[in-house]
Amino acid sequence: MSASALVRAEGIAFGYPLPGGKRRPVLRGVDLAVRRGEVLGVLGPNGSGKTTLLRLITGVLRPDAGSVTFAGVPVGEWPRSRLARRVAVLPQHLELPAGFRVAELVEMGRTPHARRWFGSTADDERAVLRALVEADAMDLAGRTADELSGGERQRVLVAMALAQEPELLLLDEPTLHLDLAHQVSLLATLHRLREQRDLTVVAVLHDLNLAAAFAPRVVVLHEGRVAVDGAPDAVLAPALISRVFGVATAEAWTAEGQRHLALADVTASGVRTEATTQQA
Amino acid sequence: MRAAATTPALVGRLPNGPTLTRAALVLGVGLGVLLAVLLLAVAAGSVGVGPGDTAAILGRRLLALPIPETWAPATETIIFELRLPRVLTAMLVGGALAMAGAAFQAVFRNPLADPYIIGTAAGASLGAVIGIVLPVLLPALALGAGTSLLGIGLVQVLAFAGGLGTVLLVYAVARSGGRVPVVTLLLTGYAVSSVLAAAVALLMFSSGRALAAVFSWLMGSLADASWPELAFAAPLVAASLALLVVRWRGLNLLLLGDAAAGNLGLDVEREKLVLTMLATLATSAAVAVSGTIGFVGLVVPHLLRLAIGPDHRLLLPASLLFGAALLALADLGARLIGGVPVGVVTALIGAPFFLWLLRRSRAAAPVLSA
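Note that the protein sequences, when read in sequence, are chains A and B. Under our numbering, think of the first position of the first sequence as 13, with each following residue one higher. Under our numbering, think of the first position of the second sequence as 20, with each following residue one higher.
Think of the hints as simulated: they come from the structure by calculation, not from any bench. Keep in mind that this is a model prediction, so the values were computed, not measured. Among these hints, one or two may not hold up.
Selected chain A positions facing chain B (in silico; Cβ < 8 Å) [to be verified]:
#	residue
1	Y28
2	T70
3	V72
4	E116
5	W129
In this text, a Cβ means the ideal position worked out from N, Cα and C, and glycines have one as well.
Construct the entire structure; sequences and hints are all you get.
Printed below as a string of structure tokens:
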């Protein structure tokens, strides 16, 4: 595992600066190794440092302590544009600038590969087309960004990330603004792409069941550390959910034998918010 | 899976970016308009010169064509020494302001951004007003200021330095922890501008008989344009605009926001600094020879975005050409209605036209919310 790790975080700590020179600690020593070709789900309550972890991997943030390496080289030593040829990010939210057509936006994904002053190369054009097709966004190519629905925007963002032709795709709550059908179809697309392109995927997700269905391996962040790391069926047990999220859950099994976590006692308690305050 | 089958057939059929033909069309039209405006603006004036004679004089003097002289020598002086430098200065200034405006609107992701937004105008004004008022207050200096360095007056040098220096100051003040947040930059620019504007007002109050000159400069006027001034501003403007055009990718990416631009490999803070300084350099050089002409830098990029889209690889050069043509036309208008400052014309005609366009065009809304 150690030899082929694409991303390796060792003992990373990070805090956001507060007025007065102090820092509000978010990560307090996270160890994580992501192998090539792996699909990893990152879970945890709000504020547990999931997005911060992604930003440390892309080098947007530098750790206060510890190190993050990509392909064996510390992320801080990668020139930004060279790292962007290998790592793409699908952000939680992206304001697509008005007036650009989708094909032009996807072409922006080629920026780290750009060689020409004015136009794009045949390679760029091929990559843009492939990205549009594989992200199911070909039918959107001629539309402008301001006339897209939420699900369509997400397909465009996937296409922009694919145009970068990355080895590692980082996703920050990619299903946040999507309805159930679009959530499932996006995750199915990502799985297909992982196989087609030999991608490594690290996805911050908020839905435990969706994460369990999507990722063969999950890590759960809690109070700035990795609480558990392993196969979802093994680690997402009611005791852990109760400890980390403060929510009582029960395990249920579907007819196909899939495990499912069900919220316990939401209606029985009468008040919805009470369920979330039951601390273990 | 579908990719392999579909890809080859679709290559070259994407509605992708401005193709070379489209760019050539837009820029060709712009260049044609610019040349037509040049001829018109040089020919028209209190002494009318036929377009044929105008073209012949320009061809003889600029391109050294062997054209026989069939006009009075005074005509050639009017065309070549008075009107041509003024028209070319108008074009230089208009092009610089429009392109700098397009750049600032992208860097700040703010449709209200114009080339003056973070202090260029206030700094240049203070410099220029000092240059105008100082010789009045201290007559001993008048001799030194009157004899100019290579034809460049104290006013131009101080205006240029004031504009550039103010933006450097604003940038340094707004910087904290290696980052320059846009909102901080805009607010800092506003605060610094206010202080400088107060200083300008104070100087105007004590400017005595120089008040008219100060006022004319602040409104923006091309009446004093000359070859030496043009020779001072043109290389600065040309160099900074050329460096700006080749950074079109950075400008496009910044429209996606800092985080996304960074994830696409852009060194966001450095890029913003470079873009801001290039646009400021062009603006300061332009303002130094024209005064603070408003409106061109705000409106021309907006009009062009409506017409040709937001992609900077075409928007920047188009802004240059159409901004140049527009200001030369406005200055022609200023000359014809009796020598009012050109800034008055751009505001009086440009602003209502912009409002009309804003209301008429539904497409204006998304562009302005970009």
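Right, here's what the structure says about each hint:
Here the hint on Y28(A) is broken, as its CB sits about 11 Å from the closest CB of chain B, past 8 Å. The interface hint given for T70(A) is met, as the beta carbon of that residue sits about 6 Å from the closest beta carbon of chain B, less than 8 Å. A distance limit of 8 Å between C-beta atoms decides the matter here; for V72(A) the minimum to chain B is near 6 Å, and the interface restraint holds. Because the beta carbon of E116(A) sits about 5 Å from the nearest beta carbon in chain B, less than 8 Å, this interface hint is met.
Satisfaction of the interface hint for W129(A) is found here, the shortest Cβ-Cβ separation to chain B being roughly 6 Å, below the 8 Å cut-off.
Going down the numbered hints, you'll see the structure goes against just number 1.
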